[in-house]
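Enquirer: If you're matching them up, the sequences are chains H and W in order.
The first sequence: position 227 = 425 (this note's numbering), numbered continuously.
The second sequence: position 161 = 1234 (this note's numbering), numbered continuously.
Hints in this document: simulated from the structure, not taken from any laboratory.
Owing to the predicted nature of the structure, the values given are computational and were not obtained by experimental measurement.
Cβ atoms here follow ideal geometry from the backbone N, Cα and C, with glycine treated the same way.
Check each hint, because a few of them may be wrong.
Far from chain W, by Cβ distances over 10 Å, these chain H residues were calculated [to be verified]:
1. Q287
2. L328
3. F336
4. D351
5. I386
6. A448
Listed below are the simulated EDC-like cross-link pairs for lysine to aspartate or glutamate, each with C-alpha atoms no more than 16 Å apart in a straight line [to be verified]:
7. K1203(W) <-> E1171(W)
8. K306(H) <-> D1148(W)
9. K306(H) <-> E1312(W)
10. K1089(W) <-> E254(H)
11. K1347(W) <-> E1312(W)
Pairwise CB distance ranges (calculated) [to be verified]:
12. S1131(W) <-> I394(H): 32 to 40 Å
13. A1166(W) <-> I394(H): 39 to 47 Å
14. G1256(W) <-> I438(H): 42 to 50 Å
15. R204(H) <-> S1145(W): 39 to 47 Å
16. T214(H) <-> E1295(W): 54 to 62 Å
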Amino acid sequence: MIRVVRAEWRKLRRPTLFLGTIGVTGLLISLFTWLLFKSTEPGQRSRDPENAISPEMFQTTSGAVFTLAQTTYFIGTIAYSVFAAQTSQEYTYGTIRNLLLRQPGRLKLLLGKLIAMKLFAMIMVGIGALIAIGLSVFYAPQYDIDTTLWFGDEGLKEIVNTLFNVSISVFGFGILGMIMGILLRSAITTLALGLIWLMVVEGLLLQLARPSILAWTPGSQLQVVGSGGTFEYSYSHGLIVSGMYICGGAILAATLFSRRDVAN
Amino acid sequence: MHAQAIALSVQDLSKKYDSRFAVSHANFEVPLGSICGFVGPNGAGKTTTIRMLLGLISPTGGTGQILGHSISDPDEYLKHVGAMIEGPAFYPALSGAENLHVLATLGGFSHERVAQVLATVGLADRAQSKFKTYSLGMKQRLGIAAALLPDPKILILDEPTNGLDPEGIQEIRDLLRGLADKGTTVFVSSHLLSELEIISDYIVMLRKGEVVFAGPIQQLFEAQQPFMLVRTENASDLEKIVAIAVADGHKAHIQSGVAHIEGPADWAGTLNKKAFEAGIVLTQLSPQLPNLEETFFEMTGDKK
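Input sequences plus hints: build the corresponding full structure.
Expert: Here's what the structure looks like:
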C-alpha cells in the first residue's frame, strides 16, 4: 500500500501539476476573498439584500476562515478535476496495465491512489487556508472589520473546525472525481461531465431558485459540509446526502474496478 | 516434459465475448528458459491470451499456470514477470526515467535498476527527456526497459519490435537471446514471423482463437515437407524437370520461372544426375526447408 502511495505521489508532485493546481487554487481563493470583502461595502450589499455579505459575518469567531468556507465549492471543483484526471488518464494512456502488473491487488491500488490524492488535496486546502486567512487579515482593516474574535480560543477552534469541514468537503469532491474516472475511463468525458454538472447544472438550479432539488445534489451538499451548515441546510443533512453519493459511488466503482476486464 | 521445467502453461483456456470466442480452449506449455514465439495474424487472440496470463482479464473458461501459480492469483507470480502488452504506455509529461521510477516504486524494485535497464535498451542518454518527445522506437525500448525492471524470470512481450529500425530489431533480438541464455523465459508475440523464426526455440501458433501448433520450432519444420527450387538454362526445360520429378513420385509445379519440387534434400543429387542425362543445364538446385511464414500459412490454410 505504501508503495502505491509513493508511486502515485511521484506523479502528483511534478511541478506543472503540483504548482499549477496550487497556483490556480491560490488565485481563486485570492479573488474570492477580495470579492467577498468588496461585497461588504454598502453599495454592493444593496444589490442583493437577501444574500448580502455583511461586515458582521466577518466579525464572528469564524471570520478568519469565512472566505475559505465560502470558496469550498471551487476548491472542491479543482479537487474533482485533479482526482478525475489522475484516475481516468490511466485508462486514456493505457498505463493502468503497467500499474496492475506491478500491483495486481486492485483495491490496494485504488486505495493507495486515493490516499496519495488526499495528501495532495490536504496540501491544497492547507495552502488555500493560509492564503485565505492571510488575505483576510490584510483586507479586514481596509473594510473596517473588527478581527478581535478571530484568533482567540474560540476563533482558533473555528479555524480548526472549518479546516476539517473544508477538507472533508474537498475530499468528497475528489472522491466523486475518482469514482467518475473509474466509471467513465476517459479523462475528457469525466472532466466534461463533472464540470458541466458542478459549474453549470447546479449553478442553474441555484439561479432558478430550486432549493428542493439542491437539497439532494452532491455539489451543493458538499458545499454545505464545507461551510459547516447553511441557513437552508444543516451540516448533518449535507453530510448524509453527500455521504450517500460518495459511499454508493465508491462501492460501485470499487466493485467495477476489482472485477472489470482491463482491455484497453 | 518434466513438470518443473514448465514456465507457463494453459489448459482449455478460453475467453468469450458475447457469442464469439476470442480464445477457444487453448492448450500449450512453454519450457523454462526458452524463447517462445507466439504467432498468429491480427485478431487471432494473441493479446487476449497475454492479458489473461497477466491477470488483466478473467478467462471465461479453462486454467493456466505461471511459474507453478494459477493465473487466478497474479499476486503470486507477477513479481517475477516482466511484460509489455499492446505497446508502450507511459505518462507523456514524465521523463523516461521518472516513468520507470514510478513503476520501480510501485513494484518495490531498486531504483538503481532504472539506470541499468535504460542502459540495457540504449536509452541512457535520453533518460531525462519527456516520454512525449520520444520516437516510436524509443517508446518501444522504454516499454522493454519497464518489462526488465523486475529482473524477470518470465518476460512477456507483445510485438516488441514494432517501430524499431533493423539495427534496433537486431539489438532486441540479441537482448532476448542473452536473457534466455541466462535462464529467463521469453514469451514473445509478433506478426513478423521471420523475426520469431530466428530467435525462437519454441512456437505457439494461434489462428482464430485456436492453437494450431505448440511445440519446438524444429518439430514444426520437420513436420513440413522439404522442397527444392530448380532453375534451368533454358526456361523450356523446366517442364522436363517437372516431368522427371513427377516420374520419381514427387509433387512439382512451376511458379515464376522456378520449378518447386517437394522432396528431401538427398534427392537433389538424383535430380541433378537425371537432368544431366537429359541434357538439361541446371543454373540453380537449392534444397529448402519451409520457413515459419510458409509453414504458418500451410498449417492455418490461409493464403499469403
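Enquirer: Would you pick out the hints that fail for this structure and give their numbers low to high?
Expert: Hints 1, 9, 10, 13, 14 and 15 are the ones this structure does not satisfy, whereas the remaining hints hold.
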